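Novice: Single-letter residue listing:
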Amino acid sequence: MSDTAMTAQPADPELHPKGVVSHQTSTGISNEKLAMWLFLGSDCLLFGALISTYLLLRHRSVTGPGPEDVFDIPFTSVSSFVLLFSSLTMAMAVGAIHRGEERRCRTFLVTTAMLGALFIAGQVYEFTSFVKEGLGYTTNIFGSAFYTLTGFHGVHVSVGIVFLLGLVIMSLRGNLGPERAETVEIFGLYWHFVDIVWILIFTVVYLIP
Amino acid sequence: MSVQTEPRGAAGPAEHDHEAHQKAHPTDRDYIVIAVVLGIITLLEVGTYFIEDASTTFLVATLFPMMIAKFLAVCGWFMHLRYDNPIFRRVFTFGLVLAIVVFVATLTSMEYWSDVYPRGM
Amino acid sequence: MAIVESPTTPLELSPGAARVRRPLGGFTRPTATTGWKSWLFTVDHKKIGIMYGAASLFFFLIGGIEAVLIRLQLAAPGQKLYSADLYNQLFTMHGVTMIFLVIMPMGAAFMNYLIPLQIGARDVAFPRLNAFSFWCFLAGGIMLNTSWFLGGGPDGGWFAYAPNTGVTFSPGHGMDFYAVGLQIVGLASLVAAVNLITTVLNMRAPGMTMMKVPVFTWMSLVTQMLLLFSLPVISVALFLLTFDRLWDANFFNVAAGADPLLWEHLFWIFGHPEVYIIILPAFGIASEIIPVFSRKPIFGYPFMVFSGIAIAFMGFGVWAHHMFASGMGPLSMAAFSLSTMFIAVPTGVKILNWMATMWGGKLRFTTPMLFAIGLVTMFTIGGLSGVTHSIAPSDTQQTDTYYIVAHFHYVIFGGAFLGFLGAFYFWWPKAFGYMLDEKLGKWHFWLTLIGFNLTFGPMHILGLQGMPRRMHTYVEGYGFEFWNLVSTIGVFIIAVAMLVFAWNILRSWRAHRANPVDVGPDPWDGRSLEWSVPSPTPAHNFDEIPTVSHLDEFWHRKYQEDEAGKVVRVATGEEVAQKGDGTGVHLPSPSYWPLVLAVGLLLIGYGVIFNLGLAAAGAVVLVLAGFGWGYEPADDPEAHHGPEANGDEPAADGDGAEREPVGVTAGAPESDEKASSDE
Amino acid sequence: MITTGSKWFFGLGIVSLVLAFAYGWTTGGNGLGPLTVGYKGGVGDHFGYGLLLTAALVSIFLGVVATAARDADAEAVAQVAGTETVPPVVPAGASYWPPVAAFGVALVVVGLVTEAILFVAGLVVIGVVLVEWTVQTWADRATGDPEVNRRIRNRIMAPIEYPAAAALTLAVLAVALSRVFLALSAEAAVWVALGVGVVIVGVGFFIASRPRISPNVVVGLLVAGAVIAIGVGVAAGVAGTREFEEHEGDHGAEEGALPAPLAAPVTVEVGS
Amino acid sequence: MQSRPERPARPATSSRLRRGRLALVLPLTLLLSACASYAPQDTLRPKGPFARAIDNLWDGVFAIAVVVFFFVQLGTLFIIIRFRRRHGDDELPSQTHGNPRLEIAWTLLPAVILAVVAFFTLRTLFDIKEVDEDDLTIRVVGQQWWWEYQYDTNGDGTFGEGDVVTANDLVIPAGVDVHLEVTSNDVIHSFWIPSLNGKMDAVPGRVHPLMINADEPGTYVGQCTEFCGLSHAYMRQRVIALPMDEFEAWLEAQQEDAEMPDPDEDPEAFAGAELFTTQCSGCHLARGINDEEFEAQGNGEELLVARNAPDLTHFASRGTFAGATFDLWVDADGDEIVEADEIGGELNRAELEAWLRNPPEQKPMAADHVPEGGDDRVRGMPNFNLQEDQIDQLVAFLATLD
Ligand code: HEA
Ligand code: HEA
Ligand code: CUA
Ligand SMILES: [Cu+2]
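Protein chains in written order, with this note's numbering: chain A, 1 to 209; chain B, 210 to 330; chain C, 331 to 1009; chain D, 1010 to 1281; chain E, 1282 to 1683.
So that you can see chain A by itself, here it is in the shape it has in the complex (with noise of 0.2 Å):
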């Protein structure tokens, strides 16, 4: 959704490596990002709140099984490293896009989308643990409030990924040039904020008993 296309020249990347960003605002910035960064700063509230009520309810629970017995760090860890890696890639992206260079802005990106897949795969591999060792959705408060937070974030990290794809299918047919460029950034921001939103989530749901 780039503003670029109203200016009636292309864009030269040469003289303008980031693309055009829109020189029609007040502010100097182009809509999208704009609306984007307002949505991520209303999302801070939204895993706020579902931090929060995980965090008051953990404990409460009347029966078992709770975090200690179901908690597998070691693999958790790895799909942090995941991504946190899925992160590096996606910057790697944007940069390339913004130079110009499309086909390593579509390696990167599929590079991320499969981080992405792997996040997902660990987190139905550790769901699926979970239920067999006896923890399911109602079981207790605890079961309840973990699924449904990690849940959340999983669900922003699927739709992070059919998006990721949906550019990469964009790039392969082209359309995906740096003109394009402030599209991959702002789609970057989202997937970021999905990171740094497992950031916390990692320190304040697996490592803080």
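Bear in mind the hints are in silico, worked out from the structure with no lab data behind them.
If a hint is listed, it holds; no wrong ones were tucked in.
Selected chain E positions facing chain C (Cβ under 10 Å, derived; list incomplete):
hint : residue
1    : Pro1321
2    : Leu1338
3    : Val1342
4    : Ala1346
5    : Pro1374
6    : His1378
7    : Asn1380
8    : Ala1392
9    : Val1398
10   : Phe1407
11   : Ser1471
12   : Trp1473
Remember, it's a predicted structure, so these values are computed and weren't measured experimentally.
Positions of the beta carbon are idealized from the N, C-alpha and C atoms, including for glycine.
On the provided structure of chain A, position chains B, C, D and E with the ligands as indicated by the hints.
Specialist: Same frame as chain A, now just chains B, C, D and E with the ligands:
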């Protein structure tokens, strides 16, 4: 629209743009360096798990700074908050700080930090 | 499956193919400019604003009928016109309808219509998202109200305290409708918040610094900020409730260890900012109307702006004053009691500044002005009772009595609603090109004022006498009889007043049709930019985007200092107004997708309650619409809106709209994300 | 007003609708149940009924869209083609849907005698073919220009295919890999996950650092990766999961019992 | 603690005097009191130190509010009259844009006023919230839609077996602080006796302290004020304050078990008791009558902590029944009995019979329909379709339970 005749709004878009260009965006190398640093911090974080009988106080004291450092690194570099237009930073920081303040107040009001708060399992 | 058919061809029509007369591809875009289709698929902020207004008036009728039924039951002690169950549904739906489907969209109506006009833009930042917000809101409203026919309305009160709203204690589907319906309405507001904030920040006319933005737009910006940051919290609360009710989660299951206060906090963290969401647009309206009819600039513009911001800020820190009896510790009570009290300070600044604006003016008592003065005086009464609630110890006596009911009707009806009624009269000529009858308008005002005070004034006394709220009936002998009867009589006067309003609309329209009188662009001697365009506002708003150098820009074009330093009229409104010639303007094109997306959400809504298969169908529609939306350019470059002029100025609407080049697939991620990632 | 292009959808919709009602009644529905989506009376088998109803709704929806878009409307056709006369209908070209459909049917048959999952898979394949083939046929007849027809098809199908494909990719990977982790011991799972992650990052950087690498190699790598993931996933699925130790969870307490909250150990006493 | 307003009770007359003074100053108050001939739930007529502390605070705040009210209303009226545009006056008024000094002044002034209010608020708040657990402690349990009161008579610090359990009428000694532990058995309710203290929510899973103190013996009415479902309007309560010695006697009497009516002396009551044992043991306990059956019905230990239905052991010693909705005893004219010592007058036979005939008709309850899905919890008392003679027998029996 290629010819920009009217300066739009007050902020003088050109200035911002200028500013943005002065603080150059990080390079790929920067990204990799940051990722490695983040990885190391994460390793340290995971390390605390292997410390036996670590008290919660200790964990909070060690893990929170690391968490915040990671958080800021991703926001600042990967999300370009350090370089980009300050409006973004304000919007996001506002949401973040508001969330922290509001929910810490909620937890406090629900006696979460005190001994009264029941801990079942 | 053919995901990538041939990697090099773009998905859409290539420039070559686009040269055919209409790039219809699979879908022709809607193009109608008149008739119902022009409304259904519109992305024009003015049409959307009008639809918001119409919908909110319609829901006001429903909510008002519910109120009348409530009052009938309470007219005398011991009445059993209907069952306790039905009564509980009535007041719950009354509260929900009035708050979420009347006052909020009424605010949205004026914001949509006016913000672009006041800041000198051609549309909002994302016109299609704007349309989506409206349809999504309407979907939520329909969803909530159909609960009456699908097993009964929600019955847990508008703040729905758990665990009374869990399946155990509210086994019907009513509360499901509440949880899901409000979720959808909330999504609509969240999307609108992102959209309108972007609009105000980014689309101001050249020269319009933030401190030259009209007060109404400022208050709207603050309101949208409040929405942006408070809605996610109620979203979470509603999700938890939904999961509890539909999928047996344990969030509010006390037997499993839950703490019901969690719901109270989550609800009110949203709920209190919500009340300022309700009032701030009306404050903005009063700040527009009063200067015009006092013929003076607003007194202390910076103070007005900053007090609005201060109210919003503080509004996030007081939510637990609704919970003074909930069993929080005394320290929490003290903290929230203090923070609440001090909200009176910035609010007082507003009241006193309005009085100061009128002071020394030449007041014209037109209907809008009467309503604005009504707001100032009546809101003060409600605000003062609010301050008495903020005194935590005495609130433990007052909470959940009719004293509270009196408070919030005074601030909402006497504050926000009177303001909006004034706004209808004030901007009606701008939107429709004819004035509402002044004489009937005055009848409307006085009947409303009398009826309103008669209805809600006695509730103060009832509350202090100890009448709890939400009672389906009360017994004789507690001193409640007389004032309840008075209150019930009052509501009929309000009803008559509203009928006068309806009659006024109808009559004025008929008179206008029989004998059209041109009201001109500036019937009231207005101050802000919306008065500088013809009435009714042409589709493209401004022929030419104005360059702004003052607060009250339009006024300054009419009045200037003469040599002696005295301010005199130098031009009439007609002379300096724009002519409404849209040559060369290219507007965002209408689209099906916002409507389809909202329908998808509606299906999902019913689906999660009744049949997951239906929800799946809804999800398919949703995804289809989302991606279809993404692939569709916001601006159909081939569309003909108005006289299509010189090709070298294709972006005269540069301020408009989400712009996408032909055949750009990129829109998908962001636009859709907002819709789906928040689920 | 009903255009040629939409007839098919309306037909399909009505047939599905009738089928849904019939199914709803025959599988144990009563009263007005199936007609009122279960509001007045019961519906028999919810799943099948829901599926058929969904199919009906989607078809009718597509029909409405097609009508609204005036597809295959002679005038629109002329417009698109930019001709003055209505173009002749060109016979449809070769299609690869029939063999796929046959494959689906085969799966169904095989599934009937062996695994239920194959049966379902077959049904899904048939369903997909149904939709794709329908749209294909319809698009082929839309205008006289095959190129335009192809784009019309894409306009409709891309919004469905792309997200579906993306979601499918994600689902396959997630399920396959998670089966692998489940089959391994907890420790091994950690190392394998780490390994997979390193490989992904490594390959990504490798390819990125070689701008001249042939696309075929990249595609080959991707395909190989996918095949390995799915293959190992299937193998792991067949091998089953490792032993899990179940933790004490008082499942009995969930059902039936009166909530007796005061008996619960968690109680807050405030203010004292 | 030290600043808690006069305790024990100030005589009621002084409060009336003060109110009179107030009414002179505040016409609105006059309006209020003039119209409320008899409003037993009036929040402005405190009958105990806690409520009085709140009322004192309210008086001050109300006075301030009235001043501001008149300032704004009269000010606006003045402006409207003074500055209205005369006919044909087309002059522009002078264009003042503001006056920062003035504005700062009217920012600061309310802030200062409120700071003063805040000071008194906090003082009162911490006073009335101070809890002394050494005082007589009673557990108050909200139920849909009635209140249960548990007295820790055996002094083991818990409430249950061996303690006094009653409903509807909360009996306390007059003139001393009483510490209530407010909680709930199902949804959120709110305990409120306006003349004794503000509200306290009864939240399931939480126990909240509330102090009350009645100046004088007497009956104080109140009502559940948190919306709690169908019969929220019928969830009333009363506090009966007795002189200390009477209270002690009452408590002693309550600890006794009920006695089976003598089949010879009172065959009707005996038949009622038998019927009660078979029909009603699923929910009600009358200690000494149906203990075994009650437990056999699956009402185990935990239900003894908070029962699903009122304990009827000393049913006839109460003044009201069914969530204090109906009077159990009436005076000779059939009117409500307000003075505690008159309980035992005339049995309100009509309403008690009506209750047994069809409870959900007397008071909306979700007792007959068992909700689909969810929890099959019965809320309220179902209709047993009793015969008229059975009802007579039951009433006769219930009347013996004093
Ligand atoms: C438009 C909506 C609106 C607005 C603007 C307000 C404004 C205020 N509200 Fe209100 N409130 C509601 C809507 C609103 N409220 C609703 C809907 C509920 C009930 C929800 C429910 O339970 O269903 C509620 C309930 C409510 C409660 C909870 C009561 C209870 O349930 O126990 C409290 C408690 O503190 C409160 C306080 C206030 C205060 C202090 C203000 C202040 O902002 C008011 C400030 C204004 C003034 C004070 C007047 C002007 C000032 C001056 C002239 C200056 C001089 C003044 C002094 C020195 C005092 N409100
Ligand atoms: C926007 C907010 C709003 C508005 C405007 C109103 C308006 C009214 N409300 Fe309000 N009310 C609430 C918000 C609102 N209410 C809320 C939030 C609650 C709490 C709910 C809860 O406890 O959960 C509540 C609760 C509430 C109660 C307490 C119920 C209880 O606790 O048991 C009562 C009782 O009298 C009441 C009465 C009224 C009345 C008489 C009106 C009147 O002003 C209504 C007048 C309107 C009409 C009579 C309609 C007339 C229209 C026409 C005749 C046609 C004209 C048509 C056109 C112009 C097109 N309301
Ligand atoms: Cu109990 Cu209301
Ligand atoms: Cu509030």
